[in-house]
Structure formats: C-alpha cells, structure tokens
Amino acid sequence: MNTMIEVKELKKYFKTPKGLLHAVDGINFKIERGKTLGIVGESGCGKSTLGRVILQLLEPTGGEIFFEGKNITDINKSTLKKVRKDMQMIFQDPFSSLNPRMTVSEIISEPMYIYKTCKNTREVGEKVIELMDTVGLVRRLENTYPHELDGGRRQRIGIARALALSPKFIVCDEPVSSLDVSIQAQILNLMMDLQDEKELTYMFITHNLSVVKHISDDIGVMYLGNMVEKCSSDTLFKRNYHPYTKALLSAIPKINIDVPRNRILLKGEISSPINPKPGCRFVPRCIYAKPECYNKQPELLEIDQDHFVACHLVREINNI
Amino acid sequence: MDKILKISNLKIQYCTDDAVVYAVNGVNLELERGKSLGLVGETGAGKTTTALGIMNLLPDPQGKYIDGKIYFNGEDIIKQSIQTMRKIRGNKISMIFQDPMTSLNPIMTVGDQVSEVIRLHQKVSRSEATIKSQQMLELVGIPGERYSEYPHQFSGGMKQRVVIAIALACNPELLIADEPTTALDVTIQAQVLELMEKLKKEFNTSLIMITHDLGVVAEMCDKVAIMYCGEIVEYGTLRDIYKGAQHPYTIGLFESIPDLDTKVSRLKPIRGLVPDPSELPPTCKFANRCSKVTEECTKADPLVINVGGIHTVKCHYAKVVD
Amino acid sequence: MSSNPTTQLPYRKKSLWMNAWKRLTKNRMAMLGLGIISLFIFAAIFADYIAPYRYDEQHLDKIFQFPNKEFLLGTDQNGRDILSRIIYGARISLQVGFISVAISAVLGCGLGSVAGYYGDKIDNVIMRVMDVLMAIPNVLLAIVIATTLGPGLQNLMIAVGISSVPSFARLIRASILSVKGQEFVEAARLVGCSDARIIFRHLIPNVLAPIIVQITLSMALSILAASTLSFLGLGIQPPIPEWGAMLSSGRMYIMDYWYLVTFPGIAIAIIILALNLLGDGLRDALDPRMKK
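Going down the list, the sequences are from chains A, B and C. Going by the numbering used here, the residue at position 53 of the first sequence is 53; the numbering climbs one at a time, nothing skipped. Going by the numbering used here, the residue at position 31 of the second sequence is 1031; the numbering climbs one at a time, nothing skipped. Going by the numbering used here, the residue at position 69 of the third sequence is 2069; the numbering climbs one at a time, nothing skipped.
It is worth saying that the hints were derived from the structure and are not from the lab. All figures in this text were calculated on a predicted structure; none of them were measured in a lab. Yeah, the Cβ is synthetic: ideal placement off N, Cα and C, and Gly gets one too. You may find that some hints are simply not true.
[To be verified] Derived Cβ-Cβ restraints for the label pairs, each shown as a range: (1) B:1153 / A:33: 42 to 50 Å; (2) A:299 / B:1308: 33 to 41 Å; (3) B:1304 / A:33: 49 to 57 Å; (4) A:115 / C:2118: 22 to 30 Å.
[As the list claims (entries may be wrong)] Here are the simulated lysine-lysine pairs, PhoX-like style, with alpha carbons at most 20 Å apart: (5) A:119 / A:82; (6) B:1132 / B:1079; (7) A:70 / A:82; (8) B:1003 / B:1200; (9) B:1132 / A:254; (10) A:277 / A:296; (11) A:8 / A:35; (12) A:15 / A:277; (13) A:238 / B:1035; (14) B:1198 / A:267; (15) B:1263 / A:35; (16) B:1198 / A:254; (17) C:2022 / A:15; (18) A:296 / A:254; (19) B:1003 / A:254.
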C-alpha cells in the first residue's frame, strides 16, 4: 500500500455568531509513503485546521480521510486510539506545546506509558534516552523543565515526543516558524534525516515558501479553505499557474540583490471565510477576474501531469 | 554627508538580582540623513536594546548605560533630560514595534491615536489635528471614513499601517522599525514594505530597520550591520554584505537560509547555540560556533578591521579587498 | 530513571516551587503572616503543654477576674482561664479552617474543572447551580446548612465547607478555560490521554497557583464563618472553647468585663490578618508573569 494518506472532499465548518465559517472547504489530496506534502498559505487559509482535522483533533464536518487505505473518518474511540499510534503531530509553538510542569523525560515518556509500549519503567527510560539521542538532546537534560531551555531544544523535545510511538505519519504545523534562522536549519536537517531513517511521511504546514521548497516533494497552495494549486515542489517555483501562487511567490523578499524585483502586488486583503459568496474565493483580489469567476467556484483540475490548478482562466493567463 | 545618528562604543547592561546581562557591548554605528540601515541579528543579539537605547527607553531600573555616546543631530541622547526626550520621541525619532496587535490602544479609535501624537507635538487645534490625522491615514492606505473605528476592527496588516501612520504623523527625522513585518503574511508584508519605501522617499526619513530577515533588508536598506552578542560583527553597504560577506557568522546566516533558486540536499546550519548573555567570553564571542575557529580566537578579542570602503569585519581573519 | 551520572549539570534541576519559595521569603509581610500562623499551629498542637490550665477547668472562687499574675488574661463567668481557652480555641479554629477548606477545595475543583473542560451544557448546569449558591450570602448559607444538619463541630465544618464551594469552582473553571487552549493539551490528546488524565495531569498542575492563594484566603473566611456560627449558637457546644462562642457568651458582660470579648476577638483578628498577608504574598510569589 503506497498511499499513506488520502483525503476526499474534506470539510470543516465552524459555527460562529456571524454565520458558518468555512475553514476547510473540500480538500482532496494523496500523500505517498515516505514523501512530504507541503501545505502553504497565509493566515486564514485553513492549513492548521486541515492538519488538525486529519488527525481528528477536530471532527470533520464532511468528506473522508483514509489512512493506509482504511477509512478513518467515522470510527469509534478505541479504534481512533489505535490509529493515533501511527499518526502524530509536531506543533508550532515550542513554548505552549510542552506542559511547563513536566520534565523532559516525563513529556517524552508519557505516550509510552499510555500505550504500554514497554514492559517496565527501565525500558521506558532507555527508550527515552534513545529518543533524546536521536533528536540531538543531551542526556543530562532529562530532568529539566521546558522553561529552562531555548526554543530549538524545546522543539527537539516536541519531535522526540512525536516519535515516541514510532508513528508512520507526522503532521508538522509550522515547526520552525518560531525559531531563529540558524536553529531553523538545524531542525529542518534533523527532520529530513529522520524521514530518511525511519521512512516517515510528512505533511508540512507552513507559510514560509523557502522552507517548504527545501523539505517538500509536493506542495499544495491553500487560499480561504480551498486548494488552489498542487504540484511538485520544483514545478511550483518554476512553472506555477494560479494567480495567487504567482503573487505569493513574487511577494517573497529576495536575497539575491542583483535580480530585479518583479513584484505582483495583490490589492486589498483576504476576504472573510464566514458565509463566503459563491464563485472563486480569490476574485476580490485577482487582477484577471472575469464574470464567470464570480458565479462558479473553480474545481481543482489536472492541467499538466500531476499539476492541479483551480482556476477558470488558467489557460488564458498562462498561454497554454 | 550629514550624519543624523552617530553611536560610539555603546555599552548597555541589564542588572538584576541574579545576574548581569551584557546586552550591548561596544556598538559603533552611523547613519546619514535620508538613508536606511538594516540591523540584522537573531534573538538576543541586542538589536532591540540598541533601539531602546537610542530612544532612551531602557527599562528602569534594570537597563543601564555603561559607556558610549549616542549623537542625534549632534546632541548626546543619553545626557538629555526627560522633558527633552519627550519632545524628541514621536516627533523627531519614532519607533514601530513588532506586534501590531499590542501596539495599539484597544479602547481608542485609530484616528484618535494618530491625532494624539499630532497634538502632543504640534500646536494645532483639535479639529486641525483630526484633519491631519485623516490625511495621514489616507496616506497609509486606510480610507478616512475609518477614522472612528477601533483597532480590533482592522486586520493585522491594516493595524500595522495605523502604527506607521502614528509613527510618521509628525514627520520624524529618524524612524526605527523593530521587526515591523515579522508578524504579517508575506503578501501583506510586501504591501507594508512598499508603503514604507514610498513614505521614506516622500518625507526623506532616515530608517533603521531591525530584523532577522535578510530578504527584507535586501529590499529596504542601503547599509547593513550584523549583530551578534551585542557587537557589530560586520558592517558595510548592501553589496559588501550580500556579495562579499567575510565574517563566519554572516556567511553562516546566509547558508542557513533555504534558497529559492538553488537546490541543496541539506542546509548548512550554524552549529551550537548562542552563548548565555550573562556569561560572555572576553575573547571572540562566536568562537564556540565558528567553522573556522583557531587557537588565536580563544586568546584575544578580535579587532574591528576595515576591509575596504566602509566595510568592517570583527574577525582575526578578515581580509582587506580592493 | 537512567543510570547516567549527572554531575556538572549546567542546567540544574530547578524546581518551579523553589523559585516561588525564594520570592515568598523576600516578602516580609508574607513571612510575618507565615510566622504568626506557625505560632498558632504550634499552640494548637501543643496546647496541652503550653496552656497553664485545662480549658474546662473551673475556679468557681475566682470568677470574673481581671488579667493578673495567676490568670494572665483573666477568667470568665465560670472561672475558666481565658488564655488557656484561647490556646485551645486555636485548635478548633485551625481544624475548622483546614478541613472546611479541604472540603470546598476538593468539591469546588472537581466541579469547576469538569465545567471548564467540557463546556457547553455541563458547564451551564454546574455554573448555574454555583450561581444560586453564590446568590445566598455565605454566612446565611452556612447557617441554613448548620441548622439543617444540627449542632456540632463536624456539621460546622461541612456547612462552612459547602458555602465556599462556588468561589473555588469559579476560580478553577476560569483558570482551566485559559489553559485549555494551549497546544500541550492538544498534544496530550494526540498521545492518547484520557479526559481524566488531561484534567489531573496536565490542566490542574498548571493552575495550582490561584488555587493555593484561594485556599489561604478561604481559610480566613472559614474561620470567620465558624466564629460567626458559633457566636449564633450553632456549631460548637460549650464547654468546648471556640473564639466566636467565647465572644457570644461574653457579650452580655462587655460593659463590666471587657476582656471577656476583647482577647478572643483579637485572636480572631490576628489569625485572619496573618492568613491574608500570607495569601497576598503567595499570590505575588506564584504570579507566572513575575517569573520571566
């Protein structure tokens, strides 16, 4: 079974006093074993919600989730607990994702105690040390509290915790966004090494395009709950088709000072995800918008090989 | 060249019961009128402390000026009285902070917050201030009708525009922006940077841009200073730093960032961690992480060497280029 | 857990409580409060050895004596030494304080954490019941419960305990709501923690600070409530010495023999003050914002 995760028409809506908030609105994708799917988008696009819905931290409003071919959307608590062993998450904020009242070894060992993966306390202790070595934490930090450590080390604790149950699939929710640049690089390298060693499958959620390019095989771009473009990592940066993707990429400040700045400035701000109007969600900011864009929401269609775009005008805009 | 700001050998420490934090350790900086300087460094480098030092806004009683001078238009800021500083802040020197969510007073309308600054520094009537405030809001891209709205009714990007409007309302000579776009989405960041560039040209404001984002610096700044452990380890023009960096930390920073154009299998992070700011070595502070470290580095503190033009490097192995 | 030698730790095993304790010791008022309370606790435990007389020892030939060398704080209408009765009274007051607060804390925390964690209908039901209880003045509620249950120390403690449950419940609920949204709670759910484990292992330890402060302050209120109830004739029965009861029985003699009510009154005032000083000190010491 090569497909690790498959998601079909996944939806998550929240009830708010102002109306129904469409956080995730019909997402479809597959992730193959051992690969990384990057999910990029700006705030309000629903990427974090997507991650949590797949792990069933939030209950999906609609659609289906398949893990290794099995439908895990409407399962009971005990089956979910079994599935959880294989699916874990690395969180964004190294400060709030660790219980301030637990020591490093307590945090890492908790899942092992709950799932009874080891025969006795001594074995747990050994596994904790092993995990700490794997993520690059010095052994003597075992009995320290998170607040005594810096962001990079804390994030390593989070990674060790995620690995404690030897999962197959890990959702990474902006794992390096809160870290200094030099530490980011250390953590990214670690994650890539772990993926090679343990054949892990990642869903890497971020707003940082340079990071996502580095770590992902495929990338999906999200806007207001929809996926607007999905293709391989290289293709996204060399041959992107959706107007939002173009604007997003051109907005990144370039480090190469000799390359002229060719920026597409989006007008306005992101519209509200509450009770969205029919039609393409990107319309208020799109310079190409035509009448058909206002009426019908574009579907995610395969335009080139393995390159999906959701735009009515994709062929006109890109001359294909 | 008219120098609006000249900092000489600035040393600032935070003194608490437990420890002394050596935040700024001998910083030398200059800024010409109308130019922009990027102050780059990671967490704990001392950039914000330097900025607060320029504004004479160090936390009292922990923050202390130990040594050095800060000349603004020829006058030493450190020696100024509280009253004089009040006239300078918001008026001649303005600061933009990182988090727009907490920089604005939630119970005042945005228009009033801009008017407040105008009325504090200029002798105008209430209605005149309101008109000026509306003009300022329009200038930053906020429709004048939204004068009476409250901060929570605005998005992050718009809040930051309000903050910029407040900062520039009195047409200051120097603007210090501390990570102004870090909390914003990249497309909004692009809008805000474009706006800052436009206003900077229009008002001929000098700018100090504090950030860890080398991309932002490349867009906005003429000169760059790289800070590490409270020292400027490298300083020069944009080209000097981006095309001819010599200090191992600067080079390490560039190599840590995934580049959109080239493909590498693994990044080259800077190994190790930033030293504890309360226990800094008297020798080279980057030695424990440097890939080119030698015995010399652990014996003496490197001097600041001029390698060409205004490009300076604080390293034993800096090479003069022609 | 591991057999690794851990010498030369650059990162010491700094307990979070040690930090708070250090801060507390720097607060002079709080230390004063702590000292006074310790004194009372000492007196309560060693009453048999400290008190010059037994609390029910009557000297019928020496009734209504003003403070003198034989009876340092005077004698009451039955010739009993007031000083001894105050010392033994400490035992009663502290017992009531500790046990009734224990009842409120356990019940209040239980209800509050369930309400805060589950939210929605459960939260509504629990908090509306708490609201009803809170609408009735504390002491009045205690009186009603005490009257229903009958006199006696045990029922006094139950009555006072129940009347303080809503303040704990509200406090815990609010604290839990603020911590509930943190990512480590999500992480706990992901690694398989049951609801109970999340509440007890993850949420409550992180909201202990306000609970501790509330406990000290509640003790003061409980002692006061117990005194009030005893003053009104509910709760403690004579000859057991309780400061409030002493106030009550001495009331009618206040014009001629002021010391009958003054000394017990001062005792009540001092312990309430001490508990408040300690409570305030704890609040400052445990404030997480002051930690960084």
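For each hint, the structure was consulted:
no.: 1; hint: B:1153 / A:33: 42 to 50 Å; in the structure: 47 Å, holds
no.: 2; hint: A:299 / B:1308: 33 to 41 Å; in the structure: 58 Å, violated
no.: 3; hint: B:1304 / A:33: 49 to 57 Å; in the structure: 54 Å, holds
no.: 4; hint: A:115 / C:2118: 22 to 30 Å; in the structure: 24 Å, holds
no.: 5; hint: A:119 / A:82; in the structure: 18 Å, holds
no.: 6; hint: B:1132 / B:1079; in the structure: 33 Å, violated
no.: 7; hint: A:70 / A:82; in the structure: 13 Å, holds
no.: 8; hint: B:1003 / B:1200; in the structure: 17 Å, holds
no.: 9; hint: B:1132 / A:254; in the structure: 36 Å, violated
no.: 10; hint: A:277 / A:296; in the structure: 10 Å, holds
no.: 11; hint: A:8 / A:35; in the structure: 19 Å, holds
no.: 12; hint: A:15 / A:277; in the structure: 17 Å, holds
no.: 13; hint: A:238 / B:1035; in the structure: 35 Å, violated
no.: 14; hint: B:1198 / A:267; in the structure: 16 Å, holds
no.: 15; hint: B:1263 / A:35; in the structure: 17 Å, holds
no.: 16; hint: B:1198 / A:254; in the structure: 19 Å, holds
no.: 17; hint: C:2022 / A:15; in the structure: 47 Å, violated
no.: 18; hint: A:296 / A:254; in the structure: 36 Å, violated
no.: 19; hint: B:1003 / A:254; in the structure: 29 Å, violated
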